[in-house]
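Peer 1: Chains A and B supply the protein sequences, listed in that same order.
Each residue of the first sequence is one higher than the last, beginning at 1 in my numbering.
Each residue of the second sequence is one higher than the last, beginning at 1 in my numbering.
Note that these hints are calculated values from the structure, not bench results.
Certain hints may be false.
Said to hold, decoys possible - Straight-line C-alpha distance at most 20 Å; calculated PhoX-like pairs for lysine-lysine:
(1) B:K42 x B:K56
(2) A:K41 x B:K42
(3) A:K55 x B:K98
(4) A:K64 x B:K98
(5) A:K41 x B:K56
(6) A:K20 x B:K98
Unchecked claim - From the structure, some residues in chain B lie toward chain A, with a derived Cβ separation under 10 Å:
(7) E45
(8) K67
(9) A90
(10) K98
A virtual CB, placed ideally from N, CA and C, is assigned to each residue, including glycine.
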Amino acid sequence: GAVVSQHPSWVICKSGTSVKIECRSLDFQATTMFWYRQFPKQSLMLMATSNEGSKATYEQGVEKDKFLINHASLTLSTLTVTSAHPEDSSFYICSASGGTDTQYFGPGTRLTVL
Amino acid sequence: QKEVEQDPGPLSVPEGAIVSLNCTYSNSAFQYFMWYRQYSRKGPELLMYTYSSGNKEDGRFTAQVDKSSKYISLFIRDSQPSDSATYLCAMSANQGGKLIFGQGTELSVKP
Numbered sequence: 001g002a003v004v005s006q007h008p009s010w011v012i013c014k015s016g017t018s019v020k021i022e023c024r025s026l027d028f029q030a031t032t033m034f035w036y037r038q039f040p041k042q043s044l045m046l047m048a049t050s051n052e053g054s055k056a057t058y059e060q061g062v063e064k065d066k067f068l069i070n071h072a073s074l075t076l077s078t079l080t081v082t083s084a085h086p087e088d089s090s091f092y093i094c095s096a097s098g099g100t101d102t103q104y105f106g107p108g109t110r111l112t113v114l
Numbered sequence: 001q002k003e004v005e006q007d008p009g010p011l012s013v014p015e016g017a018i019v020s021l022n023c024t025y026s027n028s029a030f031q032y033f034m035w036y037r038q039y040s041r042k043g044p045e046l047l048m049y050t051y052s053s054g055n056k057e058d059g060r061f062t063a064q065v066d067k068s069s070k071y072i073s074l075f076i077r078d079s080q081p082s083d084s085a086t087y088l089c090a091m092s093a094n095q096g097g098k099l100i101f102g103q104g105t106e107l108s109v110k111p
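Let the sequences and hints guide you as you build the complete structure.
Peer 2: See the structure below:
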């Protein structure tokens, strides 16, 4: 149980375009989903927390207009990187929590912006 | 000072060795303690989840929490090359809530 999927696993895009990443909880209802980014050899950095049906809460320093998060259902959250630039290239990981347990992580999405 | 301190390693051990990984923390509000394993270019995988102080064992893995010392440990017995990964400790004040991660310890088990 407690499986979280992400799609796509790897995406390459041109500078200035937008990219959408999906995160799904496959076998449980996720009341809360989290989005992280991770640079090589570093730990996970929390970007935002989203609860189903409400606006995401962003961490300090994360631009909410650049990283759009939608948590429309109890099994799906999306992260859209708008007007992506090379410095946005990173490994993006989502996690999900059903509220009675800890967070379960997706496999991650590698974003490369050319 | 970081809320959670973890030695980044790298740590290299021979196959079959007992591995000890540790984290210290400063926030006494933390109640939930986790260890995740992360292989290169993959998402973290939950290994152990512990509430409050005490020990928990699962196969070759044992997690220990000492809240009085603000210190948690993960022991891996009979380590295998497949255990080579980065191990992240994480903790939170609320169940299912925001996690605070350690830096991660890179472990290499040599055959």
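Peer 1: Which hints from the list above does the structure break, by number from lowest to highest?
Peer 2: 1, 5, 6, 8
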